[in-house]
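Undergrad: Assemble the complex: chain L is given as a structure, and chain R must be docked to it using the hints.
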Amino acid sequence: MKLTFFLICSISFYASGSIYSQNTKLTLDSRGTTVLELMEQIESKSHFLFLYHPGDFDLNKKVNKNFKNASIDKILETAFSGEQISYEIFDRQILITKNEENKPVTKVGIQEKKVTGIVTDEDGLPIPGVNVVVKGTTIGVITDGDGKFELTVPSDDAILAFSFIGFVTQELPLNGKSSVSVILRDDIIGLEEVVAVGYGVQKRINMTGSVAAVKGDELKTVNVANVSNSIGGQVSGIITRQTSGEPGNDAAEIYVRGTKPLVLVDGIQREWNKLNMQDIESITVLKDATAVAPYGLKGANGVILVTTKRGETGKVTLSYNGEYGWQKPTNTPEFMNAVDGLRLRNQALIMDGMPDAVFSDDILREYEIGSDAYPNTDWIGNYLKSSGTYKQNVAVSGGSETARAFVSLGYLNQGNMFGTKDKYNRYNITSNLDFKVTNTTDVSVDINLITDKDENSYGSAEVQMLDLYRLRAIEPDVYSNGLPAFQSSIGWSMYGKIHGGKKFTTKKDYQNVGLTLNQEIPFIKGLSLKANVNYDKFFLDNKSWSEPFLSYSYNQATDEYEEHNAWLSSKPSLSQNSTIRTFYTTQGFVNYDNQFGKHGIQALAVYERRWGGQRNYAASRTQYDVCIPELNMGSADKANQENSGSSSETGQDGIIFRATYNYNEKYLLEVAGRFDRSSKYAPDKRSAFFPSASIGWRLSEEGFIKNNIPSINNLKLRASHGKSGTPVGEEFAYLSKYLVNNAYVWGVDGIPEQGVYEGSEPNTNLTWETVWKTNLGFDLTMWDGLFGMTFDVYRDYRSDKILAPNAVVPVEYGIGLSDENAGKEERYGFDLTLSNYTKISSDFSVQNNFVFGFTRNKQLEIREAPGTYNIPRFRETGNPTNQIRGYKTAGLFVDQEDIDNWAYQGSSVLPGDVKYVDINGDGKINSEDEVVIGRGRIPEIMYGYNLNLRYKRLDVNMLVQGTGNSDFYMGWGSQNANQAERGVRFPFENDKPLEAHADSWTTDNPDPNAPYPRLSTSNRTQNYLRSDYWIRNSSYVRLKTVEIGYNFNPVLTRKIYMQNVRAYLNLYNVWTIYSGMPKDFDPENKTYNTYPQQFITSVGLNITF
Amino acid sequence: MKKIHLNLIVLIMLSCFSCNDDFLNVSPRDFITDEAVWTSGTATKMFINDIYNSTFHVNAPLYSFTAVNNQQFDNMFTDDAGWNFKDPWTTFNFTASNAPFNRWNDCYKNIRKVNIGIEKLSESDVITASEKDRYLGDLHFVRGMIYFELLRFYGGVPLINKPLDRFEDDILYSRNTAEETFSFVINEFQAAADLLPVNVDDSEYGRATRGAALGMLAEAYLHCAGTIDSKYYADAAATANIFVSGELQGRYRLFGEGETDPMKIRENYHNLFLEPYEGNEEVIFDVQYENNKLRWHKGYQTVAAPGVPGVNQGYGWGNSGPSQGLVDEYEMKDGSAFDWNNPEQAADPYANRDERFYANILYHGNMWKGAVLSLSSNRFDNGVEITNNLPNGLHSTKKESTKTGYYLKKHQWEDVICGWENRGQGIGDGGNVIVLRYAEILLIYAEAKNEVSGPDVSVYEAINKVRRRAGQPDLAAGLSQDEMRQKIRHERRVELCFENKRFFDIVRWDIGDDVLNQPLMGIDAHYVKDASTGEINITYTQWKIVDKVFSAPKNNLLPIPQNAIDQNPKLNQNPGW
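Top line first, the protein sequences correspond to chains L and R.
Per our numbering, the very first residue in the first sequence carries number 1; after that it's consecutive.
Per our numbering, the very first residue in the second sequence carries number 1; after that it's consecutive.
So that you can see chain L by itself, here it is in the shape it has in the complex (with noise of 0.2 Å):
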């Protein structure tokens, strides 16, 4: 009990309230002791600790007094009495000193008060968890569950502040008053609003880069499987694009400003698609250099944050939200039946000179009545079948002072059109801890596990999908006797592939740990420390299995079904593969933020490391003999057994740093930046350094407007500019790489031996992309959140981007040479957002927010071959890349002296052929004329419109979105040969011709402007060259989602042990309003046979324990 203890002691504990004093009531008999015995025994029952000087008083007078359930006060006042001593509490600790006026045993310090008050929103509706402090102290409180407080203030004329998040901050001096009774507003505009940025949150008026945000809440009525399809139209300057509907694999891509960003959950690098949608408080979109800065070289492309939920101080609830839905696909392509088909074949061969339609009436009837020998299948309609998915989520959240929580339990099942054999499955589990361990320190320990299983009978949706497209509906699918037919077109039967033979398992688990320590420094205000663990562990399991399965082909003239199995082997076969991957991140954060008068002060420091890597192990047997799909369960034969695996390590390491700084929350100053490593790279190519600064003016503070208009509630003025990176290239690129094969089979016995090999050239220079990051933007509030406005304009410089060498090495030189960091690219846009929030009444209010971004690259320099940049009109250098090049069309020949007196074409054009624009003027059509025709299939604009409109207990959400700027060519693939898609195009590609395809020019319909070019059963190339005229504007404006809530009366529900009660229809894909694409296909779709959008039709409850 030395005073150097008690100021180590005063130190962690100073910031302390009186709380423990005034709670703690001992019973203590103290008849016969001293007072030092007596102080012993009260730290002996107690946590209190007495500080003092020996010598002060007489520690061995006698005290006599027995104490039932006495307070500390009186304990002291009565041991005391006599003494010139003061004392003072410091929650646990006592000290007492001398006191020198000769005055009585006195409590030092604040004349306590005791004040009890109730916090409610401007409805009248209690808020629970409002922060009560005692303004310039540390005392303070939360509302519980009816919004109600008490605290001990320490004077009559104290000030108490009242926050929450969504309201705004007010401060009520109490002026004796000992109840007090407040009402917050809304924080409409956000004054209050907090956001997180790159490792720490920022209060939005302070911030000076270009930050998006969006709240779960507002995310969670996009009903959709896969968080990254929330985002897009809701968020300015986003970018997304869902390129399947196929269950577990629909994730979108997305773009921020026109790049893939780095996505973080909870500042941690790891998965978020899969993330529960309930589980998700908020997602915000850093894009300048400011923002990002903190993210050094990974940083460059935008930087996603999604925050996950946590407990909040209050009562404790429990909510269920349970969801079904009915999905369909939104667009599949309309073939045409087996009749019309052959009777477009008949048009076709006559216009190919033959005298006779092939197929007579009497065939095309048999087609019509349908047998085994004369099919007509629909295949869409036997096999794009509507589907169920359904959802449960159960969440726990609330907590007391001490420890709060959120635990959710997610479950979502996703059905597959192909059938019930193919199903997607996923469950989640969240579970975030808080605990104040003392006043000053906060421990947080986080869960979170998804796992999801996917099964599936033939491993890839698009392979399937194109065999579905190139099914002819001649061809039978079962036969009248339930036998599964075999498939010519495709060689296999699509039942049998369906429904047995093959099985696909891919089962993934998510698994991440953090614990973060949080420790405010009391000695120096502002100041604290923490240290953040995360372990992330990722286990992905893939099966597939694959049994015999017997199809039949119905032979005519016998009468017989003959069976076929020529698509698998005669015995099952296994392979199975399993890929692990851990990740470990430390971070320890120094952070102050302090206010000094009017200079606000922030400032960070992060030390981040990241390490890990990742291992697969594949393994496969064949020629099983028991239909067991284990792998100890197949042949013994070492030739029909396979293994192989792999591994890699990586590490990075950075120091963050950004200090903040604001004069009055006017003039606002950011600089931030890091220090960066990877492991990527050769040693004296790892680091870098990537500065940021950003300043900030919000002119509403001015008193020239703050006077002149009022109705202007913030307006601020934005510029930032920094170095951001992004890491290309292969993995140890600077090493020489040897690399091991299976080489030589030497010997009489024929024994394969390993064997290595230079695998490339070193490159020992290969280093990030840099991108020099400008952008100039204001936010606007007007009267009240009425109109609110955020504009954005930006250019990056990107340079060091990876480019095949320059140096021209001839072939002899025997090795490819490794890329370098050469290229240079512009990328400019901006991005926009206007919102609105009308408060008609208390009843009924209206939420308007418009987004839009528009971006656009120009590739300066990317080592052009002089063959194109040479000519103008081909070169890319100085455009957008992903353009597409073709020639240009001016319909179709209407005749033949129409073609006589055109460019020559070739020597077989005919009337109702593609006509193409001689561009050069040379009098014929060859690649020379081709010009750019068409923009990247990438948009370059993305803009969407959300309402949000609530009327008493309805309420109601709706999202359009919409892309510009982004062309689709119909023919992509068909250099692959991707018959499907080259489908689109040819009619008789597969023998499959579209509805769309009767609108052909033919000799009874000349029209030049037909959709389709002559038809023909043969492949007229010299119309399906790569032109504007199959190039297809794939813009689109589509009803995304609506959504109808109606909450029900709390005073009915309240009677079954429910607070609240929520139910809901949702439709997703409702309405595309507009789309450039043939209304077969949908606008987001990747390709012709990617796993189609799904429409869907949901109803859900949300209920409030």
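Hints are computed from structural coordinates only; laboratory data are not their basis.
Quantities reported herein were computed from a predicted structural model and do not represent experimental measurements.
Where hints are given, some of them may not hold.
Stated by the list, open to error - With a Cα cut of at most 16 Å, we get these calculated EDC-like pairs of lysine to aspartate or glutamate:
(1) L:537 <-> L:452
(2) R:554 <-> R:510
(3) L:220 <-> L:323
(4) R:45 <-> L:753
(5) L:638 <-> R:290
(6) L:888 <-> L:928
TA: Below, chain R alone, put in the same frame as chain L:
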């Protein structure tokens, strides 16, 4: 307890900062560095293994059954049966941009490997001196093989004999002359012969030997005697003579030599190339392929095997049909030439022929895999003529059917199942491919010696040795030098067919304008029903499949691939291309 918090956090943070940077210095897991290779004896050997593998590879036309072999020029016709291309060699209708068998890239990749190997081995101290000699011998042999391949296909090529470093060396090489390239090849084979052992252990079978190096040296001399300067015939004869009556006499012998039973002779000659007889006494150098694997292997055993031979038996792609010209080249058993004008022979053209004909070629009516091969253009069933859907016939719609009326038998092991199930599986495994065998050495000797000094006894002895093993009578005495030359050319064609020799023989003898400008013929085996007797007889008629087009000297060499010329302005194209 409470005191700990602060300490703990400081501890954690300190641990973050204070650790060393080991986690950044992660080492690659899936490759090794060059330093690790050359400081390990095992890895050094593995480096040699890889060079063998990448040089003698299934995609290299000279060392596999595919490619040049399928095309065999006047010996075979290959259309798109099983393959999706029309044989470009038929009319030499290609350009420098799409020339077949573009081995330029692969060859120079392998040259770089050898050059690295030779440089690093010379400095290596982790292997014994004898190992070093042996590996260097391997490398010189391989480099000789690569440059010899380049020389034969392209003529003179850039000679690069050290690993290039683009930051230090001038890497733009122009073409050396054919003579320079040739003398480089000669030096390589000579160096290899000096370093390599005469015999290898069974466990190392497949590695080059002194015999392999000297044999290739003889072949190189012979090739250049024809294409560069006839003075090299003397060197060819002298080098071949090392095997016949010199240092290596008796080291190699003809397989099945001395057999007299015609059926045994036929069987031996067929077996010589099959897996169970790999490494027999006749083989001087062969390319190793893994046995006992499913047989896709781009080899004859699937590619060339008859399509749909019988019931329940695997069948091949049937894409290699021996030509009528080759069939006609086979002598009668008595040593006389076959003659279509001889009515007896024309009526029954497959009777009494050279045993090698039966060993090499499948024709209508042969048994194969337990079934009769029906290659006729029609057949009669219960007296009714059927012309449609013959399983293998000329008019079969099956793409696996023959176009010439013949299938290849050489290299084909009847036991191999090469059916549908195995078609899509695996890669190049199967029987070894013989690159050089003793019979060729005898023929090289005979040819070279005949050119140097006319048909002396040793010439007769050498060629007759080959004929005797095949069951053919000795050549008549007293042939002129030119008559002997023609006999030797005949003998090479029938003995070495489908062994990747024919094209170079045609070039060497400069007979392309003649033999490759003739139409390629096939046979139409057709059943005819005698109207009066009702008897059904088979007739054989030759028919033209395709006109071949060849133009010497342009077609004697391939064009330098356009991509190589584009990347090296110093490379000149071959004349005519």
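Undergrad: Determine which of the earlier numbered hints do not hold for this structure and return their numbers in increasing order.
TA: Going through the list in order, the structure violates no hint and respects every one.
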